[in-house]
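Q: Build out the structure end to end from the sequences listed, making use of the hints.
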Amino acid sequence: DAKTTQPPSMDCAEGRAANLPCNHSTISGNEYVYWYRQIHSQGPQYIIHGLKNNETNEMASLIITEDRKSSTLILPHATLRDTAVYYCIHAGNNRKLIWGLGTSLAVNP
Amino acid sequence: DAGVIQSPRHEVTEMGQEVTLRCKPISGHNSLFWYRQTMMRGLELLIYFNNNVPIDDSGMPEDRFSAKMPNASFSTLKIQPSEPRDSAVYFCASSLVGGNTQYFGPGTRLTVL
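Protein sequence lines correspond, in order, to chains B and C.
Counting in our numbering, the first sequence tops out at residue 109, every number present.
Counting in our numbering, the second sequence tops out at residue 113, every number present.
No wet-lab data here; the hints were simulated from the structure.
Any given hint could turn out to be false.
Only pairs whose alpha carbons sit at most 20 Å apart, straight line, appear in this in silico EDC-like list of lysine to aspartate or glutamate [what the hints assert, rightly or not]:
{"hint": "1", "chain 1": "C", "residue 1": "Lys24", "chain 2": "C", "residue 2": "Asp63"}
{"hint": "2", "chain 1": "C", "residue 1": "Lys24", "chain 2": "C", "residue 2": "Glu14"}
{"hint": "3", "chain 1": "C", "residue 1": "Lys78", "chain 2": "C", "residue 2": "Glu44"}
{"hint": "4", "chain 1": "B", "residue 1": "Lys3", "chain 2": "C", "residue 2": "Glu44"}
{"hint": "5", "chain 1": "C", "residue 1": "Lys78", "chain 2": "C", "residue 2": "Glu18"}
{"hint": "6", "chain 1": "B", "residue 1": "Lys96", "chain 2": "C", "residue 2": "Glu11"}
{"hint": "7", "chain 1": "B", "residue 1": "Lys96", "chain 2": "B", "residue 2": "Glu31"}
{"hint": "8", "chain 1": "B", "residue 1": "Lys69", "chain 2": "B", "residue 2": "Glu55"}
{"hint": "9", "chain 1": "C", "residue 1": "Lys78", "chain 2": "C", "residue 2": "Glu11"}
{"hint": "10", "chain 1": "B", "residue 1": "Lys96", "chain 2": "C", "residue 2": "Asp56"}
{"hint": "11", "chain 1": "C", "residue 1": "Lys24", "chain 2": "C", "residue 2": "Glu11"}
{"hint": "12", "chain 1": "B", "residue 1": "Lys96", "chain 2": "C", "residue 2": "Glu14"}
A: Here's what the structure looks like:
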């Protein structure tokens, strides 16, 4: 099974950047890194994914280390609505996603 | 655009009853996934379909669970007979075939008494 390691919880002040780390040392060459989040009582929501280059979209930035064994999801200006559980997953195309426990991010006013 | 639609949103039933959960994927998506989420076990993939064909059902807990996808716009997950340990939130998700960008529905919260 494809496993990632994330801290169980983090805090962030509203308006500051939230940097969520993830270790995926078993990632193989054709696997992408995916980030999803789950706000309380809702279904998971796709955020961003990448292979080896850094990626940015309207929600977040993804920084992947050169050896691809770890990555960081950056929420540049966290708001209270970003309070959620964040999941980091690595998988190849057409392979099922293995969900860990994620990081519970609390954004505080 | 309509997202993934699930019904019912909440279901309370008694042990031994049949439960049917329904899902309508996003139009144009060819893959459909059924997940179960509990506090103890987190988010677990039960089964997924590509182009209406079941590909991997290794996550289905036992024969009491069955899933069908009769066409590209509809899928059901059935539990018969239901047991209290089946209480969970059941999510349906869809994606394009070969992609892992999955779009989730709002879930069905099932309580079996």
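Q: Decide, hint by hint, whether the structure agrees.
A: To see whether the hints hold, each was checked on the structure:
no.: 1; hint: C:Lys24 x C:Asp63; in the structure: 24 Å, violated
no.: 2; hint: C:Lys24 x C:Glu14; in the structure: 26 Å, violated
no.: 3; hint: C:Lys78 x C:Glu44; in the structure: 16 Å, holds
no.: 4; hint: B:Lys3 x C:Glu44; in the structure: 14 Å, holds
no.: 5; hint: C:Lys78 x C:Glu18; in the structure: 7 Å, holds
no.: 6; hint: B:Lys96 x C:Glu11; in the structure: 27 Å, violated
no.: 7; hint: B:Lys96 x B:Glu31; in the structure: 11 Å, holds
no.: 8; hint: B:Lys69 x B:Glu55; in the structure: 16 Å, holds
no.: 9; hint: C:Lys78 x C:Glu11; in the structure: 13 Å, holds
no.: 10; hint: B:Lys96 x C:Asp56; in the structure: 9 Å, holds
no.: 11; hint: C:Lys24 x C:Glu11; in the structure: 17 Å, holds
no.: 12; hint: B:Lys96 x C:Glu14; in the structure: 32 Å, violated
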